[in-house]
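Given the structure of chain B, go ahead and fit chain R onto it with the hints provided.
Each chain, written out:
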Amino acid sequence: MVSPAIALAFLPLVVTLIIRYRYYFVLFYRAFLVRVWQDCATGLSREERAFQYVLTNATPGDPDSILEAFDQWCSKVEFISNIGPKKGKILDRLLMEQSPMTVLELGAHCGYSAVRMARCLPLGARLYSVEMDQRNATIAEKVIRLAGFDDDTVRGPSLKMHCTVDFVFMDHWKKCYLPDLQLLEGSGLLGKGSMILADNVLFPGAPNFLRYVRKSGLYEWRIHQATLEYIRGIRDGMAELVYQGIK
Amino acid sequence: MTKCGVSVLTTGDEDEVSSCYEEHEWGKNRVKGREKEREKKKRGNARKKGASRAGRGDEELEERAERGEKGRRRRKRDNHDGKGRERDEEEQAEEKSGRAQEERDTEEGDAKRKKKNESAKREEKKEDGGKRAVKEKANAVKTKKHKKKSSEEEDVEEEEEEEKEKELRPESLSPEELEKLKEAVDEKKKLIQTLRGKPWPMKKKLSTLRESQEFLEKYEGALGKGKGRRLYAYKVMMTKKWMKFQRDFENFKTACIPWEMKIKEIESHFGSSVASYFIFLRWMYGINMILFGLTFGLVMVPEALMGRPYGSMPRKTVPRADEASAMDFAVLWDFGGYAQYSVLFYGYYNNQRAIGWLKFRMPLSYFLVGVGTVAYSYMVVIRTMARNANESGGGDDNSFNFSWKMFTSWDYLIGNPETADNKFASITTSFKEAILEEQESRKDDNIHLTRFLRVLANFLVMCCLAGSGYLIYFVVRRSQKFALDGLDNHSWWERNEVNMVMSLLGMFCPMLFDVISTLENYHPRIALQWQLGRIFALFLGNLYTFIIALMDEINLKRKEEEIVKFNMTVWEASLYNGTVPENSTAPPVTIHPADVPRGPCWETMVGQEFVRLIISDTMTTYITLLIGDFLRAVLVRFLNYCWCWDLEAGFPSYSEFDVSGNVLGLIFNQGMIWMGAFYAPCLPALNVLRLHVSMYLQCWAVMCCNVPQERVFKASGSNNFYMAMLLVILFLSTLPAIYTIVTIPPSFDCGPFSGKSRMFDVIQETLESDFPAWFSKVFSYASNPGLVLPFLLLMVLAIYYLQSTSKSFKEANVELKKKLQMARKAMTQAAEQQSNNNASPQAQKGEARSFLWWSEIGSSGIHGKKKKKKETFRALCKDLNVLL
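Residue numbers (this note's numbering), protein chains in the order written: chain B, 1 to 247; chain R, 1 to 884.
Honestly, the hints are just simulated from the structure, not real lab data.
Beta carbons are placed, not taken as given, at the ideal position from N, Cα and C, and that holds for glycine.
A few of these clues could be false.
[To be verified] Calculated from the model, a selection of chain R residues having no Cβ within reach of chain B, i.e. all distances over 12 Å: (1) Arg478; (2) His490; (3) Val596; (4) Gln829.
[Stated by the list, open to error] Pulled a few chain R residues facing chain B out of the computed Cβ check, cut under 7 Å: (5) Asp328; (6) Val475; (7) Trp492; (8) Trp493; (9) Met500; (10) Cys509; (11) Met511; (12) Leu519; (13) Glu520; (14) Asp646; (15) Val778; (16) Leu797.
Just chain B, same shape as in the assembly:
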């Protein structure tokens, strides 16, 4: 039988762990516990709830208002891992600088980043957005329609393009970053100077992707330090790669 005094001596350790990793506990609570609870209570999926909120709170046809409504919902009500306003600014800036004509988005989720990007694109540019989940894809489609953009959403693996892609935004499964990047390289969709922006490379993190990028020598790369969307205190980063072509 362990004596209570020894158990009490572990108290500082517990307190330390709680304080040090408080943000992770908050994240766990908001992203998992609340979600499970709400799923059971309402019977709707998280994305559908978000869409309902946006429908009631945003002005149709105004992308900024829709984005704001999303931000509001994600920071106040529940948590969805959109790109968020802070990292979104970096994305906006890069798009403004680059002004790409063809943009490929991997992982549309509920259309937040698609709206965000479409807002900053020059006239005549095309945005291809890919989403794996059927339900999310319909919601994303609705959101994009709501924002007043032409519906360009392409579903499934039927993606076929003739030209190269100028800008790729990756925000899907972190495990798929590396295989998809290699796929892009192999398919010849990347031209010299194409930019690839990968979100969440530090948290949840895509170490293999980063390792590959560092080693391959095909890219000029840098990491934008930021914090995780809608949660303070968790460090995250976006990797910006510029394809240099095979030398």
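For chain R alone, kept in the frame of chain B given last:
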């Protein structure tokens, strides 16, 4: 090739010389190659002749390729010869071939330049045709001789011949030429001296240096006149040999320092703050070795060899009741049983005045060693502190914040790319922070919040300390209750509760402090000092609670002892009463020593407690290391392949090396040693063992499972901080030890001082019986308060005087610094004015100079030499005068 400021003749010569030299060297190389061959054969390497010869050919080819590097090579090879070719020749050859590849490029460049030179100076060369002719003759002779070398037997003689040639040649020159040669030699010497300040690229500097050194090596010996020449050459040779020997000796010395390479490697990976911990550990190891030598050589070994053997008397025998379990591992692990009744503890020692045929004064030696270890520790710590204080100091961090950062923030010992990246990032952030600080210091709006947070943090820490203190107090009280009940009725956990709780609190509370200290937002260096202070308070509180509990226990034991003493007399009386009437003529009844009743011997109890504490502390440290660092690293590394987030960059990640916690652990461990060493002579030995193991274990752990700190900072200032803490701990740990020695009477039936009323009576006894009468008289006079008090007063006065003088020196230094600053301001103003007037070259010069001063000031700040600062200041004033 040298192009700068060397006379035409010299440059002309140079080509010639170098070509000659090549020849010469070429021959030599071949000779060497053959010698290598022979060596190999001698060593009996089972190699075939043909193959090795082919190998030699290869080697020669390689050597031919690397002529650009000859000077260095040759020195190295000479060096090699001197050492008697101990190293494996093959290895060197491989190394050479590797380097030759690198050298080839530079060599080609050199050759091109040479050609240009030649074409440009051909005309000039023609003028000294006579000289050339002489040289060519010599050259011709040489080449002939080289051609002669065909058989392997001749090589030694050939070398001799070559040397002769070298010496002979200058004689063939006319005095004029000799004069010129001398000039050239002087020129080269000057060049070597001033080379460091020349604004050339490093490659050029190196090549020039090498060439000049070759030139000097070749012709310096030849310059003496007539008879003195040989002597001169001999002298030059000897000085060179001597210098080489000194250099080798230095290398040897560094190779002899234990763990130097390990520490250097860690330093290159983790920066100097982590390395400073290991240096501290090594230093501690050295001190403990000496303590161990003292106790082992003067106390333990004499008692074991010359004292009475085990079982001869009650204090040296395991009591009858414990005999059955005396050899059990659990008992031995707790240092009971046979371990308790051995030289490891105080109680085993006999109070016999002199032991063995040496008449070794055991009790006196025991006492003096106890005092001597403490005195030695004080001496060493204070001496080291004084030395560190001399080295540090001088630089001020406040006035030139940005230039300090600019010029001095790189840690040149870093040799690992990752650490270098971290350092780079930390410098950048420190610049950013410094700029922000500058801005904020003008605004200072949020000062109240910061203050509030700092006070809050300290309050939390206080709460934490109080809580841990109370927990230990509670546990100690409980353990006393357990002790009264009898320890056998309780589980292992309950018996070891005190140690466990102390170790756990010592492990976890610093982590909590670390978390709390993020509230305060201090600079990491200051934060580290706060952290150290807090952990210090925690450990000290824990230790003193422990000691207070021990004191209670001592008092209990002494009460018990009184009872035992009384019982003893009764027992003895009954024994004799029972035996005497039966048979009065028979010898007195012999009782086996194990049956004799005995007192509790509180000294041994104290020693045991300390030994147990040390053992449990060591165990906790190692287990923490293995679980907290190694296991975590393994998990992070291998679970990362199949986990949903990045374990390495994200949540658990690898641990950083905790400098402050480790240093404090070391210091407190040492404090316990100092406290307990008097009652358990085995403690220094245990500590040496512990330090030795932890040196290897921690070196391994730090290299294998820790990552460099994110904010690498230099630890130059913190060494004396450690020392100061060590001094405080030394004082605080000797306090209770001395208190017990002076106030509590020793046990009546164990230890070297049994039977005396106080432990230090042994000195009195020795003075009376071992020294002549006059000596004890003198001693008693000297210890008279009338003499001691004035002496103390004098010492205090002397200390006061020295302190005030040092203060005045410091003030003078500050004054000088101010003047320096003023002068600098005036200087820059003047430079600005001049550049405003017209951008004359002088103004530019002034600017350049001011920059130079900047760097000089920076460097003098780094070295912290007052004298140099003054000199710089003087030079600055002079230049100012010249300029204005």
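Hint-by-hint comparison with the structure:
| no. | hint | verdict |
| --- | --- | --- |
| 1 | Arg478 | 7 Å, violated |
| 2 | His490 | 9 Å, violated |
| 3 | Val596 | 37 Å, holds |
| 4 | Gln829 | 43 Å, holds |
| 5 | Asp328 | 23 Å, violated |
| 6 | Val475 | 5 Å, holds |
| 7 | Trp492 | 10 Å, violated |
| 8 | Trp493 | 5 Å, holds |
| 9 | Met500 | 5 Å, holds |
| 10 | Cys509 | 5 Å, holds |
| 11 | Met511 | 4 Å, holds |
| 12 | Leu519 | 10 Å, violated |
| 13 | Glu520 | 14 Å, violated |
| 14 | Asp646 | 3 Å, holds |
| 15 | Val778 | 57 Å, violated |
| 16 | Leu797 | 49 Å, violated |
Violated hints, listed in ascending order, are 1, 2, 5, 7, 12, 13, 15, 16; each of the other numbered hints is respected by the structure.
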